[in-house]
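S.K.: Residues per chain, in single letters:
2 protein chains.
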Amino acid sequence: MSHPPFTAVVETLPETVPFVGPEAIERRTGIRTRARIGANESGFGPSPRVIAALREAAPEVWTYPDPENYELRRALAAHLGIGSEEVTISEGIDGLMGLLVRLFIAPGDIVVTSLGAYPTFNYHVVGFGGDLRFVPYAGVHEDPEALAAKAREVDARMVYLANPDNPMGSFWPAADIARFIDAVPESCLIVLDEAYMETAPEVPLPLDTNRPNLLRLRTFSKAYGMAGLRCGYAIGHRRLIGAFNRIRNHFGVNKQAQVAALAALADQDYLRWAVDAIAGARTRIASIAADNGLRALPSATNFVAVDCGRDGPFAVAVLEALAEQGVFVRKPSAPGLDQHIRISAGPDQALDILAEAMPLAIERAQRAG
Amino acid sequence: MSHPPFTAVVETLPETVPFVGPEAIERRTGIRTRARIGANESGFGPSPRVIAALREAAPEVWTYPDPENYELRRALAAHLGIGSEEVTISEGIDGLMGLLVRLFIAPGDIVVTSLGAYPTFNYHVVGFGGDLRFVPYAGVHEDPEALAAKAREVDARMVYLANPDNPMGSFWPAADIARFIDAVPESCLIVLDEAYMETAPEVPLPLDTNRPNLLRLRTFSKAYGMAGLRCGYAIGHRRLIGAFNRIRNHFGVNKQAQVAALAALADQDYLRWAVDAIAGARTRIASIAADNGLRALPSATNFVAVDCGRDGPFAVAVLEALAEQGVFVRKPSAPGLDQHIRISAGPDQALDILAEAMPLAIERAQRAG
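Protein sequence lines, in the order shown, are assigned to chains Y and S.
Position 216 of the first sequence, counting from 1, maps to 216 under the numbering used here, and the rest follow consecutively.
Quick note: to get the numbering used here, add 1000 to the position in the second sequence (first position is 1).
Okay, chain Y solo, but in the shape it has when bound (with noise of 0.2 Å):
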């Protein structure tokens, strides 16, 4: 019996998940998550706006959503200070990855990216046939520096940079990035990944869209609390941002995630409270740590990565041993970044319940080790 051929990329490819989610852990291990807090998703939820504004518009999901995202794009537009044809609505920003690697990686062509950093994005090329080539960490940031000397070295087709950075938390300011942009060459496209922007402690980079390489991508899946409805844009020049259009799923934007990123693009004031809600949550985890003998890593995120003092297996150990009290983290697992565990900020209800797990957790990963 024969069976139809994969193309030859495909053929390559692994069946993968490349997040396992907490629910799939509860299905495998029984345990119920009693704090959730390992997916950076914001634990202080949506505007209440948001809520209504779904369940005003539940009796309308029998409509297609607008293919254009219209409302949306030209909302985003007057909030940045953009054109609406400087801006695309995707599936998440893992949606616009998968699109954007699409129109600029044949198989062979050469990615830049750090060691360790988001790994969906390295899924997308790998799904393409592109040729991922790592810079390590410098310390806990990314280098931008020596991401731009990569992408010049060998002819990088793409090169991404997540400011600011996940897993680490950590932030570079405006003047390092724009020197970074400058030093990457045109014909490189600079994926530079801010969905974590609205915690950072400055203001990012202005807007440019001129620059004929660049392309930021922010969500509505962090500090707006809404990683449930998958709603991602894409900032850049009108070249770039057109060229979605030559192979998006027009209709991937479901019309719940159009109708709620429009309610949480109106009410700035929620955003700016969960934000201060977020920095709250953050100086907490940074003290339960510190009352546990660690150390939390500054934070320009919505979640902080904290240093558990030895090496990559005692940090597993501490996840491991959370995790059987039904508390739910992450961690990195590149080497010089796996000795941290990545804690989301969350309600006090969900860091009580991590306050509480902590001692035994570092008992038992100190028992194991």
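Treat the hints loosely; a few may be bogus.
Computed beta-carbon distance windows for the label pairs [said to hold, decoys possible]:
1. Arg272/Y <-> Ala1174/S: 58 to 68 Å
2. Pro1335/S <-> Glu26/Y: 47 to 57 Å
3. Arg1055/S <-> Asp269/Y: 22 to 32 Å
4. Ala266/Y <-> Gln1268/S: 30 to 40 Å
5. Ile25/Y <-> Glu1011/S: 35 to 45 Å
6. Pro1206/S <-> Arg152/Y: 52 to 62 Å
7. Glu356/Y <-> His1079/S: 38 to 48 Å
8. Thr1012/S <-> Ala174/Y: 29 to 39 Å
Far from chain S, some chain Y residues (derived; all Cβ distances over 12 Å) [stated by the list, open to error]:
9. Pro173
10. Asp267
11. Gly280
12. Arg295
13. Phe314
14. Ala323
15. Gln325
16. Ala334
17. Glu356
Footprint (simulated), chain S over chain Y, 3 or more residues, beta carbon under 8 Å [claimed, not checked]:
18. 3-10
19. 55-61
20. 66-76
21. 181-190
22. 242-252
Simulated from the structure, these hints should not be mistaken for lab results.
Please read all numbers here as calculations on a predicted model, not as lab measurements.
Glycine included, C-beta positions come from ideal geometry on N, C-alpha and C.
Position chain S against the provided structure of chain Y, taking the given hints into account.
M.R.: Relative to the frame of chain Y, chain S by itself:
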């Protein structure tokens, strides 16, 4: 100033919107849509239980959706009597089409479809550099025998057939489809689009997930009344279904879609009611057509193709004169089909407006001719 170059395939693609939404028509013309009966949505809406589930789940949108769609796949598998590894979920059938073309079609690979069949399938084939070959409709039916013969003749990698058919609403009984499947070589993937299967006059072909080259596509967008939520599913051999996990956007299906689809599936009484309501609306559309001297084609779908009795330009004129009166319908444009307009089944309120608008539309079209 240089630009990052697109891939060779993307370089050839136009920026496009496969379907201009009624919202865009409203924006362009300033005419408010009074009867939205052009996109084969279900104006009867989703089950009240779906609306209740969406409202109840609204505060939970801060968490990512389960990337495995576990609960929904399990519920679908139980409903269909298959294994949960034999079904995958995506952002509507459109999303599935993008993925399945990417799995199997490399630049230059041949894909067979009918001239005038679903254009978004063609969009994705061209988007991955596939070489489309067209088989004409046999009257108002896609022609399974000719499609299989063409697939063999040109050594196609993929062949597409919708049953029931869009845009004509026609239907082939299971025996004809089974003969078609047997006539296609096992190395050629059969994409059987069953978006409209719930409204078909008889149970379609039994599910055979042992067939190595058959993918069946279904959706919650049509009879279930959830087009805005973007939730489609593919059924097939586990090798085919598993392959989607090599490339899909795992977090692409949003949480509201997951919740709603579960609620919809659990309310089969509502589905039966909706299917009856759709059948009633089809009858009414046929009688509105007859009142205006036009012939409605038999329909196995949630829409009716109405023969305007002359040629393509005349049918376009009818469509435009309906649009001027706020009645949104669409029409096929392929030769042999283009004398028809396609009217979606909707509630009485929408069809009252159609009945009122139709005489003037015909009159205007006749004057224009």
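S.K.: State the violated hints by number, sorted upward, taking the hints as numbered earlier in the document.
M.R.: Checked against the structure, no hint fails, so every one of them is satisfied.
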